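**Student:** The primary structure of each chain is shown beneath.
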Amino acid sequence: MGLISWYVVIPAATAFAITLVPKAKPMAIRWVASTGGFLLVLLSAIVSVKYWNLAAADIELLRTSMFTKLYMVEQWTWFKSIGIEYFVGVDGISVLMLDLTAIIIFTGSLASWYVTERPKEFFALLYTLVTGVFGVFVSFDLFLFFVFYEVAVLPMYLLIGIWGTGPRNYSALKLTLMLLMGSAGLLVGILALYHGSGIHSFNLIELSKIHFPEAFQLWVFPIIFVGFGVLGAIFPLHTWSPDGHASAPTAVSMLHAGVLMKLGGYGCLRVAIYLMPEGAIYWAMFFMALATVNILYGSLGAIKQKDLKYFTAYSSVSHCGFVLFGLLALNLMGIKGAVIQMFSHGIMTGLFFGLIGMVYGRTHTRMIPEMGGLAKVMPWLASAFYIGGLASLGLPGLSGFIAESHVFLGGFFGNQWHDITLMRTLTILATLSIVVTAVYVLRGLATVFHSTITNPEFEKLTDATLPEKISTGVLIAALAIGGMLPWLFVDLIEGSIFPFLNRLHESGMISSL
Amino acid sequence: MNELMTLTPGLYHWLLLTLLLFSVGLYGLLTRRNAVGVLLSTELMLNSAALNFVIFNRYMAPGFVDGSIMAIFIIAVAAAEVVVAMAIFVALLKLKKTADVTLMNELRG
Amino acid sequence: MRNAWLVPGIPFFSFLIVGLFIRPLSEKAAGWVATAALFVSAFFAYSIAWDYFSHFGIGHEGPALVPWAFEWLRYQDHLTATIGTLIDPISILLMVVVTTVSALVHLYSIGYMAGDDGYGRYFTFLNLFSFSMLGLVVAPNIVQMFVCWELVGVSSFLLIGYYYRKPSAVAAGKKAFIVTRFADLGFLIGILILGYFGIEAFPHIGAKIQQEMAGLSSIPIQAIDFAFINHPATAHYILTTAGTVLGLSTLAVACILIFMGCAGKSAMFPLHIWLPDAMEGPTPVSALIHAATMVVAGVYLVARLFPSFAAAGTPLDVVAFIGTFTCAFAAIIACTQDDIKRVLAFSTLSQLGYMMLALGVATAVSPLGHTASMFHLFTHAFFKALLFLAAGALIHGVHSNEIWDMGGLRKKLPVTHLTFLAATLAIAGVPPLSGFFSKDEILRAAVENHHPIVFGVALFVAGLTAFYMFRIYFISFWGDARSEKAEHAHEAPAVMLIPLIALALLAIFAGFVPMGEYLGTSHGGHHGIHWNIAIPATLAGLIGIALSAFMYTGTRERYVAVARALGGMYTVVKNKFYVDEVYLFVTKNIIFHYIARPIAWFDRHIVDGAINLYAWLTGALGRGLKPLQTGQVQTYSAWWISGAVFFIILLWMKLS
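Protein chains in written order, with the numbering used here: chain B, 1 to 513; chain X, 1 to 109; chain L, 1 to 656.
Hints may be right or wrong, so weigh each one.
Residues from chain B that face chain L, not an exhaustive set, calculated with beta carbons under 7 Å [what the hints assert, rightly or not]: (1) T77; (2) K304; (3) L332; (4) M333; (5) T454; (6) P486; (7) L488; (8) V490.
Don't read these hints as lab results, they were simulated from the structure. Everything numeric in this text was worked out from a predicted model, so none of it was measured. The beta-carbon is built from N, C-alpha and C at its ideal position, and this holds for glycine as well.
Model the full assembly from the supplied sequences, consistent with the hints where possible.
**Tutor:** Written as structure tokens, this is what we have:
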């Protein structure tokens, strides 16, 4: 078994191992879970370094390649009769996403240290879910991809329904149904690709060698894009996100906002834009306008929220808008920015939701107006919150800036197919969000942490414990490393983006669009 | 129609009989509230089917016995079926304290 | 000169080390390490200045070197943001000013902040600020400038809100950050425009500029480097090919947008509202960030991009207009404020207006204003930092910011008194103190480039400056003690007095630096005094002082009578022309109330409502079909049989 398969095996084995631990030993469960997470981080480090060395040699080749080049590939036939394969491998984009997922599941396990209700089932489901997420990022067979995708989405229902807070049944149902609606569209799209190609294969690389007719691309592209877009919280199908995040338990919010929402953007790029460049060119402006709405609307919506989780969820809607916005700029900087934003937002939101969980565990309220002056009793959590907030408003030195500056440049520079004035107008509208973000982040955080302590009960609260400090510390380090050494990102992903651009250019030349 | 108007009983007269028998059975099946009644109605329908076999054998293929064998086979199966069904009814009677099928709506979930 | 990176680098590493390792161990050590770092950094800044000018000589324009740089962020080809150090006369000037003032403020803070429970945090942030500011000063490209620009913004936010338990300090920090962030929006869009056209121009002129830069820069030139943007060929390309936006050339639009960022950082009207509130921070912070260094970043950026501004033309008129207006506007408000730090804040605004207007009146062929602006920046940094630190010593002694709580302090705080007096005389433009020389150059620049109105306003403001500065001087140091606290005031410790004395010497003698020679923009040794300008300027100052002495050394009735005579006008000025209230109305009532809240409502009720409606419809359909499922086999069979019959009939009809 190759290196990449371990990404699926480790979380699955962890989930299984957790089911073997006796219920009465919650400490053992936590240790098994965290160890699994740690192994995944280790694996990601190994894979990243290995990929780095392999891909560095190929950079010139990738600049002109039309096809994604995969590394560390494993390929076995699964169902020969209908052409389904177990086909896994990585390119730069998936390596970055795998790193993100590993960091989030590791820190998420630590942040859930104090889950007391049925910890065994909780961690087992969590690791089942994350098996699906890892699977999606490594599969290059559409069928396998879809199977893992569903594995990632479904445990969410139980996780929110059982361990959630507030109107959890409503939220869990809403989230699951909306996401399944997206996947229904996705399935239709994938089957259309399967049949349309005429090669009876789900292999993404094989499929990309087929040129799908233009008329076909024009109707399949939006189906797949929206199918993934639901998970990427595209306006107006984003409303599952605030409710879902608000009701979900800490680690689930972290995983969900941090990683699952990235599956949306990742799928849009990997499947929709990769296989259907002409469709992408045709639909780009429409979806870009929706993404602009996401960006502004999410950030304006966040200003008046009173619940910290709703606040963060709306901010996520805004930041996920940047992912779609960057992708649809259809140029190097835009797509690069979108991918970096996926990573950066994943870490940032993971940090936010983790911290909200920790604060909630102490104050037993998430209502912003009910809190105040907490910096005095929990300086660590307050500083971590501030660092997350500053990253979310795009402060240079943290990774948010790297992503957003790429996206803005990408949008402003435009591409050869679309009206540049329109793209610039949308970009300038999107830049407005940096001010709005500053407003809501500072308003929210200043209310929660500054001034004097409003509730005498809060005087007795304590600061972060060791697992919590490790959890937040790792996330902050990721934000800072990403922000200060951005060439790490660029070197990792740039080569893998060229094939997408080359395909777009090729189809832009031959089509009548 | 003309063939039905003659006094000599022929194929169509027999078929009319089995049709009536079947309809009575069907009606009973759909409307009886008592489980045993429902079972009796199925018996009527089975018998009408068995009778059909015999009739067709007599008129369409005289000299062969296939239809009669099938009728005997049906009688045997019906006997077995009654045994199973009665066992189920007894079990249901114990559980529900009634033999009224309209009260048995477990399928509704 | 290769070790120029140490100038911002030392504070950066010190920030990390102090913040992560020393602070948890010993707060006391944190202060000393942070301070030592800045003194070392200052040493390197001086050594670079020495190397540069001894190598290239003075009296002509020195070259812009990039002796050290590395690729930081590659956006695309020719659009790589580097981190590097740009060494040219104005960056050296700023390096020297920033490290000097910052080191002295660090030293002063050791005394001023003693015993405060956030001592280590304070020095960590102060180091962060120094690093960011120095990084901004040496930025060789506009992206590094923006990065450090934001970092100084955030360190300013953190330091203003240093007393985080005080709601007004938190609000002031927020306000400062958000207002400057809003201004940075313009800066960002300006960068996007310059970047785009830079990339468009690059294939045509990149090679040529690269050739000219050979030997000056250690890495290939990029489209966002200042050397590229400021090159006449780039300006020419953009002006000839980019077309116009709203009747202005694209270059002018980009420059005006960037100036918006500068106006935010340098607190020009109408984005000035954050600076007076920023005085909620500790006084040394006000001295360093909100007087001497960060607020001049806007002036510095305009100076840095001066060739582009000059090529576009219109932006300089905007700069001149805004600068002149702010200069007068702030000076008028300063006459009525009672909080000593706020008076100084408005005076800072006014002096920044001076620097801006000096840049605005300069042109490509006659860049005297550019030199004058940098000269004033240089002198102002010293005397304004001194004013704040002396005010800090006053506040430290009296425990109040109100000038009316002070009085008669010249005997109780003799060192503070003398240093404050020196700074006041310097800002009032009394010869031969530093402010006199720099103000003189600004006025001369206005006259020489034929801006009589600007000259008139600037002259008037010179008088006004003397008036309001001596107002606070007389009220706090002369007369009798007006409060219990002032009776028992005491002189500050030595660690605070040393920086005061050092800065006082600088404030007195900095004017004798032949700035024109160093910056190389004055033609033929113009440095010197121009009596036709110096006499009216000095007279204006002296009239201001005399008026102030008349009003504030005598009885209380005098100024009360003046205030009463001015009536409503006095109230309007005292309330800072109600600009804050207008902003508050716009943000609270219009943006929050009429935009943000409806959006939140819209999302919950309309968008989500549509989703829920869809869900409800599906549910309703299910409920409508539910009675069909009775659970009774008989019903099901009835349906089944009807269906079978139906299909048999259908089949029959089809076949027959």
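**Student:** Regarding the hint that V490(B) lies at the interface with chain L, is the smallest CB-CB distance below 7 Å?
**Tutor:** This hint holds: V490(B) lies near chain L, its Cβ roughly 5 Å from the closest one there, short of 7 Å.
**Student:** Just to be careful: measuring from the Cβ of P486(B) to every Cβ in chain L, is the smallest value less than 7 Å?
**Tutor:** Cβ of P486(B) sits 5 Å from chain L, so the hint holds.
**Student:** Can the hint on L488(B) be confirmed by a CB-to-CB distance to chain L that is less than 7 Å?
**Tutor:** With Cβ-Cβ at 11 Å, over 7 Å, it is violated.
**Student:** Could you check if T77(B) really has its C-beta closer than 7 Å to a C-beta on chain L?
**Tutor:** With a closest approach of 40 Å, the T77(B) hint is violated.
**Student:** Report holds or violated for the interface hint on T454(B), using the least CB-CB distance to chain L and a cut-off of 7 Å.
**Tutor:** Nearest chain L Cβ about 11 Å off; hint violated.
**Student:** For the hint on K304(B), does the least C-beta distance to chain L fall short of 7 Å?
**Tutor:** Given a least distance of 4 Å, the restraint on K304(B) holds.
**Student:** Taking the closest Cβ pair, is M333(B) under 7 Å from chain L?
**Tutor:** holds (5 Å)
**Student:** Holds or violated: is the Cβ of L332(B) closer than 7 Å to a Cβ in chain L?
**Tutor:** The hint holds - L332(B) has a Cβ within 7 Å of chain L, the shortest such distance being about 5 Å.
Hint compliance for this structure: hints 1, 5 and 7 are not met, and every other hint is.
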